[in-house]
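Asker: Residue-level listing of the chains:
Protein chains: 2
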Amino acid sequence: MYRAPVEDIAFTLKHIVGLKAALEEGIFSDLDEDVVDAILQEAGRFATDEVAPAREAGDRNGSVLENKAVTTPPGWKELYRRWIEGGWNALQGPEAYGGQGLPAMLGVAALEMWNSGSMAFALGPTLTMGAVEAIEKHATEALKRTYLEKLVSGEWMGTMNLTEPQAGSDLAALRTRAERRDDGSYRIFGQKIFITYGEHDFTDNIVHLVLARLADAPEGTRGISLFLVPKFLVEPDGSLGRRNDLFCAGLEEKLGIHASPTCTMIYGDGSVEGEEAGAVGWLIGEENRGLACMFTMMNNARLAVGIQGVAIAEAAFQKALAYANERRQGKASSYHGEGMAPIVHHPDIQRTLLTMQALTQTARAICYACAYATDRARAAEGDDKQHWQERANLLTPLAKAFSTDIGVEVASMGVQVHGGMGFIEETGAAALLRDARIAPIYEGTNGIQAIDLVTRKLPQSGGDHVLTYIAELEAIAAELRNSNLAGFGITANVLDEALADLIEATQFLQQCVSEGRMDEALAGATPYLRLFSLAAGGAYLVRGALAAGGTRTALCRFFAENMLGETAALKRSVMDGADSLADAGKGLISA
Amino acid sequence: MYRAPVEDIAFTLKHIVGLKAALEEGIFSDLDEDVVDAILQEAGRFATDEVAPAREAGDRNGSVLENKAVTTPPGWKELYRRWIEGGWNALQGPEAYGGQGLPAMLGVAALEMWNSGSMAFALGPTLTMGAVEAIEKHATEALKRTYLEKLVSGEWMGTMNLTEPQAGSDLAALRTRAERRDDGSYRIFGQKIFITYGEHDFTDNIVHLVLARLADAPEGTRGISLFLVPKFLVEPDGSLGRRNDLFCAGLEEKLGIHASPTCTMIYGDGSVEGEEAGAVGWLIGEENRGLACMFTMMNNARLAVGIQGVAIAEAAFQKALAYANERRQGKASSYHGEGMAPIVHHPDIQRTLLTMQALTQTARAICYACAYATDRARAAEGDDKQHWQERANLLTPLAKAFSTDIGVEVASMGVQVHGGMGFIEETGAAALLRDARIAPIYEGTNGIQAIDLVTRKLPQSGGDHVLTYIAELEAIAAELRNSNLAGFGITANVLDEALADLIEATQFLQQCVSEGRMDEALAGATPYLRLFSLAAGGAYLVRGALAAGGTRTALCRFFAENMLGETAALKRSVMDGADSLADAGKGLISA
Numbered sequence: 001m002y003r004a005p006v007e008d009i010a011f012t013l014k015h016i017v018g019l020k021a022a023l024e025e026g027i028f029s030d031l032d033e034d035v036v037d038a039i040l041q042e043a044g045r046f047a048t049d050e051v052a053p054a055r056e057a058g059d060r061n062g063s064v065l066e067n068k069a070v071t072t073p074p075g076w077k078e079l080y081r082r083w084i085e086g087g088w089n090a091l092q093g094p095e096a097y098g099g100q101g102l103p104a105m106l107g108v109a110a111l112e113m114w115n116s117g118s119m120a121f122a123l124g125p126t127l128t129m130g131a132v133e134a135i136e137k138h139a140t141e142a143l144k145r146t147y148l149e150k151l152v153s154g155e156w157m158g159t160m161n162l163t164e165p166q167a168g169s170d171l172a173a174l175r176t177r178a179e180r181r182d183d184g185s186y187r188i189f190g191q192k193i194f195i196t197y198g199e200h201d202f203t204d205n206i207v208h209l210v211l212a213r214l215a216d217a218p219e220g221t222r223g224i225s226l227f228l229v230p231k232f233l234v235e236p237d238g239s240l241g242r243r244n245d246l247f248c249a250g251l252e253e254k255l256g257i258h259a260s261p262t263c264t265m266i267y268g269d270g271s272v273e274g275e276e277a278g279a280v281g282w283l284i285g286e287e288n289r290g291l292a293c294m295f296t297m298m299n300n301a302r303l304a305v306g307i308q309g310v311a312i313a314e315a316a317f318q319k320a321l322a323y324a325n326e327r328r329q330g331k332a333s334s335y336h337g338e339g340m341a342p343i344v345h346h347p348d349i350q351r352t353l354l355t356m357q358a359l360t361q362t363a364r365a366i367c368y369a370c371a372y373a374t375d376r377a378r379a380a381e382g383d384d385k386q387h388w389q390e391r392a393n394l395l396t397p398l399a400k401a402f403s404t405d406i407g408v409e410v411a412s413m414g415v416q417v418h419g420g421m422g423f424i425e426e427t428g429a430a431a432l433l434r435d436a437r438i439a440p441i442y443e444g445t446n447g448i449q450a451i452d453l454v455t456r457k458l459p460q461s462g463g464d465h466v467l468t469y470i471a472e473l474e475a476i477a478a479e480l481r482n483s484n485l486a487g488f489g490i491t492a493n494v495l496d497e498a499l500a501d502l503i504e505a506t507q508f509l510q511q512c513v514s515e516g517r518m519d520e521a522l523a524g525a526t527p528y529l530r531l532f533s534l535a536a537g538g539a540y541l542v543r544g545a546l547a548a549g550g551t552r553t554a555l556c557r558f559f560a561e562n563m564l565g566e567t568a569a570l571k572r573s574v575m576d577g578a579d580s581l582a583d584a585g586k587g588l589i590s591a
Numbered sequence: 001m002y003r004a005p006v007e008d009i010a011f012t013l014k015h016i017v018g019l020k021a022a023l024e025e026g027i028f029s030d031l032d033e034d035v036v037d038a039i040l041q042e043a044g045r046f047a048t049d050e051v052a053p054a055r056e057a058g059d060r061n062g063s064v065l066e067n068k069a070v071t072t073p074p075g076w077k078e079l080y081r082r083w084i085e086g087g088w089n090a091l092q093g094p095e096a097y098g099g100q101g102l103p104a105m106l107g108v109a110a111l112e113m114w115n116s117g118s119m120a121f122a123l124g125p126t127l128t129m130g131a132v133e134a135i136e137k138h139a140t141e142a143l144k145r146t147y148l149e150k151l152v153s154g155e156w157m158g159t160m161n162l163t164e165p166q167a168g169s170d171l172a173a174l175r176t177r178a179e180r181r182d183d184g185s186y187r188i189f190g191q192k193i194f195i196t197y198g199e200h201d202f203t204d205n206i207v208h209l210v211l212a213r214l215a216d217a218p219e220g221t222r223g224i225s226l227f228l229v230p231k232f233l234v235e236p237d238g239s240l241g242r243r244n245d246l247f248c249a250g251l252e253e254k255l256g257i258h259a260s261p262t263c264t265m266i267y268g269d270g271s272v273e274g275e276e277a278g279a280v281g282w283l284i285g286e287e288n289r290g291l292a293c294m295f296t297m298m299n300n301a302r303l304a305v306g307i308q309g310v311a312i313a314e315a316a317f318q319k320a321l322a323y324a325n326e327r328r329q330g331k332a333s334s335y336h337g338e339g340m341a342p343i344v345h346h347p348d349i350q351r352t353l354l355t356m357q358a359l360t361q362t363a364r365a366i367c368y369a370c371a372y373a374t375d376r377a378r379a380a381e382g383d384d385k386q387h388w389q390e391r392a393n394l395l396t397p398l399a400k401a402f403s404t405d406i407g408v409e410v411a412s413m414g415v416q417v418h419g420g421m422g423f424i425e426e427t428g429a430a431a432l433l434r435d436a437r438i439a440p441i442y443e444g445t446n447g448i449q450a451i452d453l454v455t456r457k458l459p460q461s462g463g464d465h466v467l468t469y470i471a472e473l474e475a476i477a478a479e480l481r482n483s484n485l486a487g488f489g490i491t492a493n494v495l496d497e498a499l500a501d502l503i504e505a506t507q508f509l510q511q512c513v514s515e516g517r518m519d520e521a522l523a524g525a526t527p528y529l530r531l532f533s534l535a536a537g538g539a540y541l542v543r544g545a546l547a548a549g550g551t552r553t554a555l556c557r558f559f560a561e562n563m564l565g566e567t568a569a570l571k572r573s574v575m576d577g578a579d580s581l582a583d584a585g586k587g588l589i590s591a
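Going line by line, the protein sequences match chains A and B. Just so you know, the UniProt record's numbering puts 469 at position 469 of the first sequence, and the rest follows in order with no gaps. Just so you know, the UniProt record's numbering puts 358 at position 358 of the second sequence, and the rest follows in order with no gaps.
By construction, these hints were calculated from the structure, which means they are not laboratory data. Hints are supplied without guarantee of correctness; some may be wrong.
If chains are identical, the list can't say which one is meant, so a pair holds when it fits in one copy or spans any two.
Distance condition first, Cα-Cα at most 20 Å in a straight line; then the derived EDC-like pairs of lysine to aspartate or glutamate [said to hold, decoys possible]: (1) Lys586 to Glu326; (2) Lys150 to Glu50; (3) Lys20 to Asp384.
It should be emphasised that the depicted structure is a prediction, and the values quoted were computed from it without experimental measurement.
Assemble the whole structure, with the sequences as input and the hints as a guide.
Answerer: What follows is the structure in structure tokens.
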């Protein structure tokens, strides 16, 4: 059973990504170490004792649609109730609307633990937080007054309605229509798919944020507007009014996250008797500027998905480690007890477990470094603010794509450690793999993250920002070299090589982009993102080992001597691979 | 929908692994190219038209247990009937018992296609073939007369009963008991788990091969005997007699291969009214020599699982390629048509598809090279026979582990290419990933394959056999270099480097084994197996490209310039990784 790794998360925040030093400098004036520890402890307790035990029933029963109403799995409604009563939904919410206004670091930390407990559960509140952010930043005061407090507390939940059958990665293809009404409201007509928690029984009302197009809007992404469309209209006194013209027409049968209802939503179908057809909605931000509103929360949403990868990897590692210490087969030189050896003694099983652990910790460090940058940006001004905002921008695609890729890899290794039992659903290892598989896809596929990294993040500040970041990573390698500490083996050399690979590949891609050789840049994007993540992750492991020693040093060395060498091949693929890709790629295209 | 890649398989056999040259030399006297082509064509037609369409219903409905009887999915019994009527079960069976006695190459080729059509379907006959082999090689004439003809035709099916709850990878821990009876028969008592097709409605009788232990047997693996235990006893005239004391007590709820019933089998529980308890069985081979009987068919069984990896990868690639040509999102420089570009035009999607294709083809070449070696061994005498037997032994762990590893990887990439649709079960991409995940586990986990490669296969012929094989691969690289053909980019250089990595790592591990540094050998086994497979697979892709040019050259170059560089990091992990693994591994062991 999952046990929240509170100490590991606290260590990562304080000693790897820099929170301790920042607290000592007084950068986060409202925060001190005791508050951080207390919140992590309490969130960890709730994730361990309340969320994780609900996972299996959620996976097994799933959410069910009947007569346009969705019933969540047994016990889940009560779990959600306890969760909002604990104040967990309000953790990051704005203080003006009842939130605790805590930094992103703590929000992400809590989110990691909820997701390890049950990704299908944590997903709903993640979307509510996105809705809160969009409304707070872009909606009118009237909308804020009506909706924000209840969304912050979790009394109502929020959703994001972007995807349509023909418009997934390419939102320019959206067709959902919006019509203006004289009273300042709009009417929405169209179909949205893959709407997470689009309908459920957790809350009395559901606040949908819907992307749609006005009839006179420009084509493409510059003609998309964002609307707030509640399931039940809200009366001036805050009570619920009539049902809005929208409903859930179907649930997807998915590989994983069964408890999370993935809805097809129909807007404006004339489903409310006696009312004119059209779902009543209100504009958020300006007309035709809907995508800009979405982009302001995209970094946070992507980081929230990235942490899902870390969360699944952590849960899979814990489960595999426990099994490997319990299951006995064969003999092993390091086992001197009676009978068969626990399989954790076999070197090949150790390799798998250490690989799982190292990948989890590298991805975790990248995600928390990203959250830390977000918080620093919020606390800073001027150039400093831009610096930290660019840092968050840079790390977001790494956090999203690398973490969710390794989430799948680590969950798959977890199945393997369990042997035949891993393939049996009762064991729960396979369920983690099934859940993990969505994270590299949604909130921008990992391919799109890689493209974003190369085409939009590397050019930040004329290309300087990323190089400054890599220089910081090099300083970690230099600190290791100068420390003369024992136990690191050839870690310093390997990290130096990896960072040299990263610089070469970075400058190559920056040149491709600046010279408009876009196909070369696009071809190298995915191996570059992995190269970047491994090198950055390796540096973070070193920083942790320098701070703590012991098993952190041993794991860091394992990572360097067994896994970090991959960067050379990735660099080669980035710098020399595009031509052969373009050549062979032609053979894939149907006549 | 899957379409059997008959030409690709025929090309691999003839031009990559050497069948064409062998036929011209007259090595397979009974075989000619026309026969090979005709069988592949017909098997391909059946796999495409009959097996593949049954996959989805099989996955959705699964097999169901009620009153100790298992009902297979709708239409599956009829499919099996048509399949045996087509003579497909008898393809490799001994001619003396009605089989066609065709070489392993063709058996594996057909098996690839059945598995691409539906792995859950192909799995049953795979086990029957194993039973046929064990009985033919080791059973008495009387047993052969009674059982072989019906098992060869497929009128009855066979199973393998090895695993018990405490005995998976380590068969020494077996507890199922056998007792001698005066009439030469035995009575079997015990519980077996994970028994594939242990009970079903395809055939009137099921012939179980069961590993069990006599009371006076030595401990460990030298005290295990193999028994034939039919579901229904067989009368002297060949008709079915009374029910034997065995039954299916449960089906596992699994991640994938839902249609394949995975049974808990109870032997000797007194389940037949009016009969003494004990399942009636007959010895195969000698008492306490059961594992030796199993080992004679282990290579073939492992290759049969390896080809499952290739089969799933092929099916996943075809599905993803079709989707990428159909689905449109965004713009791409290589697309000049109207509207959004088919996503196959995006370089990042091309990278994923080419990676899938290249991995599929490398694994396929390794599997067919292994089958070819088996057939050469069968056709040869003396030293030549030993050479080819050692070749088959060497390639078996690569075929099993590398192919099933890439089966999972390619199926996962296939889900990714589908974007959000990939996570929806209806699409079928996720089902391939679910099915693929068992293959790295059963028939000896891939970790055990790697250990087998390093500790038992590298020392063959005093260490010379593997070096001879690598020299053959080097000759392919030299042929490429000498050819001066265009379009290969830096393939020759990269392949030379990969083979140099392979030689270094091989000699290092040989030294570890010969000096008894076993933990170092065990630590490096898994990265070594992948290094070996990539290098060998790269050489095979070159051989195919030298023979055919065109898209094979382009894919070969893509593989070399984007994927083969990984060997350097793998070599490093093999040669320098053991110490850090042992150090960090200690931290995993519970106090």
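Asker: Each hint needs a verdict: does it hold in this structure or not?
Answerer: The hints, checked one at a time:
1. Only between protomers do Lys586 and Glu326 lie at most 20 Å apart by alpha-carbon distance; the minimum there is 15 Å, versus 51 Å within a single protomer.
2. In this assembly of identical chains, Lys150 and Glu50 lie within 20 Å of each other by CA distance neither inside one copy nor across copies; the values are 23 Å within and 56 Å between.
3. Taking CA atoms no more than 20 Å apart as the test, Lys20 paired with Asp384 passes inside one copy only; the shortest distance there is 19 Å, against 69 Å between copies.
Comparing the model with each earlier hint shows a violation of hint 2 alone; every other hint is respected.
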